[in-house]
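Asks: In case you want the letters, here they are:
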Amino acid sequence: MTEKNNKQNSNVYSLYPRKLKTQISIIFLIVILFYFYSLSETGSDFLTLFLDFPDIVKKLASMFPPNWEYIPLAIDPLVETIQIAVVATTFSVLICIPASLLAANTITTNKFIYQITRTFLNILRTIPDILLATIFVSLFGIGIIPGILALTIFSLGLLAKLLSETIETIDARQLDAIRSTGGNIVQVIWYGVVPQVLPQFISYGLYVFELNVRASLVLGFVGAGGIGTIIDTQLNFLKYQNVMAILIVLLVAVIIIETISNMLRRRVV
Amino acid sequence: MITFNNLSLVYPNGTPGLKNVNLTINEGEFVVIVGLSGAGKSTFIRSINRMVTPTEGELWVEDENVLELSGKSLRTLRTKVGMIFQNYNLVNRSSVFKNTISGRLGHTGTFRSIFNLYPKEDKIKAYENLKRVNIENYIYQRADQLSGGQQQRVSIARVLTQDPKVILADEPVASLDPPTSHQVMQYLRRINKEDNITTIVNLHFIDMAMEYADRIIGMRDGEVVFDGPASDVSEKTFEQIYNRPIREDDLRGSESDDGEE
Numbered sequence: 001m002t003e004k005n006n007k008q009n010s011n012v013y014s015l016y017p018r019k020l021k022t023q024i025s026i027i028f029l030i031v032i033l034f035y036f037y038s039l040s041e042t043g044s045d046f047l048t049l050f051l052d053f054p055d056i057v058k059k060l061a062s063m064f065p066p067n068w069e070y071i072p073l074a075i076d077p078l079v080e081t082i083q084i085a086v087v088a089t090t091f092s093v094l095i096c097i098p099a100s101l102l103a104a105n106t107i108t109t110n111k112f113i114y115q116i117t118r119t120f121l122n123i124l125r126t127i128p129d130i131l132l133a134t135i136f137v138s139l140f141g142i143g144i145i146p147g148i149l150a151l152t153i154f155s156l157g158l159l160a161k162l163l164s165e166t167i168e169t170i171d172a173r174q175l176d177a178i179r180s181t182g183g184n185i186v187q188v189i190w191y192g193v194v195p196q197v198l199p200q201f202i203s204y205g206l207y208v209f210e211l212n213v214r215a216s217l218v219l220g221f222v223g224a225g226g227i228g229t230i231i232d233t234q235l236n237f238l239k240y241q242n243v244m245a246i247l248i249v250l251l252v253a254v255i256i257i258e259t260i261s262n263m264l265r266r267r268v269v
Numbered sequence: 270m271i272t273f274n275n276l277s278l279v280y281p282n283g284t285p286g287l288k289n290v291n292l293t294i295n296e297g298e299f300v301v302i303v304g305l306s307g308a309g310k311s312t313f314i315r316s317i318n319r320m321v322t323p324t325e326g327e328l329w330v331e332d333e334n335v336l337e338l339s340g341k342s343l344r345t346l347r348t349k350v351g352m353i354f355q356n357y358n359l360v361n362r363s364s365v366f367k368n369t370i371s372g373r374l375g376h377t378g379t380f381r382s383i384f385n386l387y388p389k390e391d392k393i394k395a396y397e398n399l400k401r402v403n404i405e406n407y408i409y410q411r412a413d414q415l416s417g418g419q420q421q422r423v424s425i426a427r428v429l430t431q432d433p434k435v436i437l438a439d440e441p442v443a444s445l446d447p448p449t450s451h452q453v454m455q456y457l458r459r460i461n462k463e464d465n466i467t468t469i470v471n472l473h474f475i476d477m478a479m480e481y482a483d484r485i486i487g488m489r490d491g492e493v494v495f496d497g498p499a500s501d502v503s504e505k506t507f508e509q510i511y512n513r514p515i516r517e518d519d520l521r522g523s524e525s526d527d528g529e530e
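Here the protein sequences line up with chains A and B, keeping their order. What the first sequence shows, in my numbering, is residues 1 to 269, in sequence order. What the second sequence shows, in my numbering, is residues 270 to 530, in sequence order.
No wet-lab data here; the hints were simulated from the structure. Hints may be right or wrong, so weigh each one.
Residues of chain B placed beyond 10 Å of chain A at every Cβ, according to the derived structure [as the list claims (entries may be wrong)]:
#, residue
1, Val279
2, Gly286
3, Ile294
4, Leu305
5, Glu331
6, Phe354
7, Asn358
8, Gly372
9, Ile393
10, Asn403
11, Asn406
12, Asp476
13, Tyr481
14, Asp483
15, Val494
16, Lys505
Listed next, the stretches of chain B that the computed footprint assigns to chain A, with coverage defined by at least 3 CB atoms under 8 Å from CB atoms of chain A [stated by the list, open to error]:
#, segment
17, 359-366
18, 379-386
19, 448-457
For each residue, glycine too, the CB sits at the ideal point set by N, CA and C.
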């Protein structure tokens, strides 16, 4: 008996079927080949990276010690960055509510409206924020307005996508109950949908706020205001020690913001 | 009075839900609909408050044909026809009181309901109804913190707060254990007698149907195959309705069985 079992067991030497193993090996090989092909085609190779290593170290070293005197000058642009993020997040949070209701099939039963809204939101998300900022800078000139507009539109696409998908996964039976009491659509949303999605909604809002703080930094490079603008200037003047000081300010600010928002998020979920 | 007149329903995917139903339910009756799952019990009940839309025939609730209603008039119908669900369908994250007062939504303006500006008598009514089902100690608890039986009692209070003329209960005890099931049925029965509210309950437990119903309607494959007073019903009748011998799981069992409460 035991001998027979052993014999059977000896056939089972692999967790996966032999065919699957071959397939995976082939795919893996193709990926590696493609990787080397891309390396040679784009002319990037690790050898130069290693050869240039001393240069990199030299550049990094030139950032130290950070110019601490520059920090007070970085505070105002930092505040501006946070203001851009706050305003953009507020706008997008407000606009995303109707948008995501229209893009959720649990609420919008009309297929036509549903598809139109979805497509529109998909297009919004396809446009990179830096492109939006460039366009708005050319339309409204340098300043915080183009930054706010770009981030509002960008985070609207993101928020509406997240929220509408959450609304699609709620328990529709709870909505049935509200409907069966004779509630109209607004009451169904307020009494049935809102309690079910509110924690996630707050969490998404905070997440998008964090994203916006970091994004508004990059947008500064194209003239959309905030701390990115001064990083750009100092880089161009080769004032690497100033850049380092700005980066440290930024790091502290981002850590503080993330800690607060994590605390808030844990409270609500 | 509720009258079904040649009522049929075919779902969009082609499945027939109801086939040519003709019957009248009188005011104050306690009717239990029995049948196997898929027999059309839910479709029958949900047609009455138009949660599903019949495709043919007429369905009169008092003096309105519910097939012709839409928008405002449909919502007015729903304020008169309360519904209790198998899974209680309370809004989990809202308090017991908020769930109960939501029974007033059909009577309350949108603006008032958003800012919780309910008239005082509505709040008193909701509280009294919670007291009626002995759950008033939990009013500020979140609905999902209650046990199944407690949640179903809250949903009864919600329906009562609607001031309904008719209560529909779609498998109200299917998710509960035997003692709690009997408790819920007793509440429904008492409310039916005290307030003279027409009550229509879907059940698939034959012993409970016989114990609580005035009248039993049997359904199979979307058709009404039995309709008569509960006193006329025996196990034989159920074997005809179900078209198979009675089994152990067709019975809920008595109140004394072990259970949560």
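Asks: Which numbered conditions among the earlier hints are violated in the structure presented, ordered from lowest to highest?
Replies: 6, 7, 8, 19
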